Amino acid sequence: MRALSFLVVPLALLFACDTEAPTVPGAIDRNDVEGPDFSDARFLDRMSAHHHRAIALASLATERARNPELRALGTTLHAARHAELYEMLGWGETWFRDRPSRSMAHIASTNEEIARIEQEPDVDRALLDALERNHLEGLEFARDGQLEADHPEVRALAEKIVAENGAQLKQIRTWRLAWSPGETKPVEL
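Residue 175 in the working numbering sits at position 157 of the sequence shown; the count goes up by one each step and never skips.
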């Protein structure tokens, strides 16, 4: 939880709060984003919220995972997603400065998820489940960015995320099968 707290205050300053929860974890309502850069603004909002969750999960993996491979993935994810998040926040400030406030409802749901995972008897298994869902969601958002982005920077980031998330998702599923004998079903979104 300690690692997550350093995110909440700076992010609260970057995003104004509203009371409506997004319909998809980490997503904003499509009606909240209007104008010529609809797809890029939507991508940045959704992927930023998604990255907040990924950073929290990565921090938890680094701090609490028993398996050293999962801890190492946590370290890798934390560094990569943190850098991407601040890059996206910079683009958002530059390109969409006059947009209305974005939802921070994902912060509360992420905090609840982290607290639940911390209570699980098999933290590694719970982390694998959460990371798999997170990577599937990231792939969905990034594929949208590949197809819809107007800014070449957004398209390039989306392509990078698709490649990284795809490889990491494959590794997560390999670990699940190796560490949980008899398990064959992937996590559902």
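Calculated from the structure, these hints are not laboratory results. No experiment lies behind these values; they were computed from the predicted model shown. One or more of the hints may lead you astray.
Claimed, not checked - Distance ranges between label pairs, derived from CB positions:
#, residue 1, residue 2, range
1, Asp168, Ala196, 39 to 45 Å
2, Arg161, Pro199, 15 to 21 Å
3, Arg84, Glu111, 36 to 42 Å
4, Ala196, Thr93, 25 to 31 Å
5, Pro139, Glu111, 40 to 46 Å
6, Asp162, Glu87, 17 to 23 Å
7, Ser198, Glu171, 22 to 28 Å
Each residue gets a CB set at the ideal place from its N, CA and C atoms; glycine is no exception.
Hint check:
The hint said 39 to 45 Å for the Cβ distance between Asp168 and Ala196, and at roughly 42 Å that hint holds. Restraint check, Arg161 to Pro199: a C-beta distance of roughly 32 Å breaks the suggested window 15 to 21 Å. The hinted window of 36 to 42 Å between Arg84 and Glu111 holds, with their beta carbons roughly 39 Å apart. At roughly 20 Å, the beta-carbon separation of Ala196 and Thr93 lies outside the given 25 to 31 Å, and the hint is violated.
Between Pro139 and Glu111 the beta carbon distance is about 43 Å. The supplied range of 40 to 46 Å therefore holds. Between Asp162 and Glu87, the C-beta spacing of about 30 Å breaks the proposed range 17 to 23 Å. Between Ser198 and Glu171, the C-beta spacing of about 39 Å breaks the proposed range 22 to 28 Å.
In terms of the numbered hints stated before, the structure departs from hints 2, 4, 6 and 7, listed from lowest to highest.
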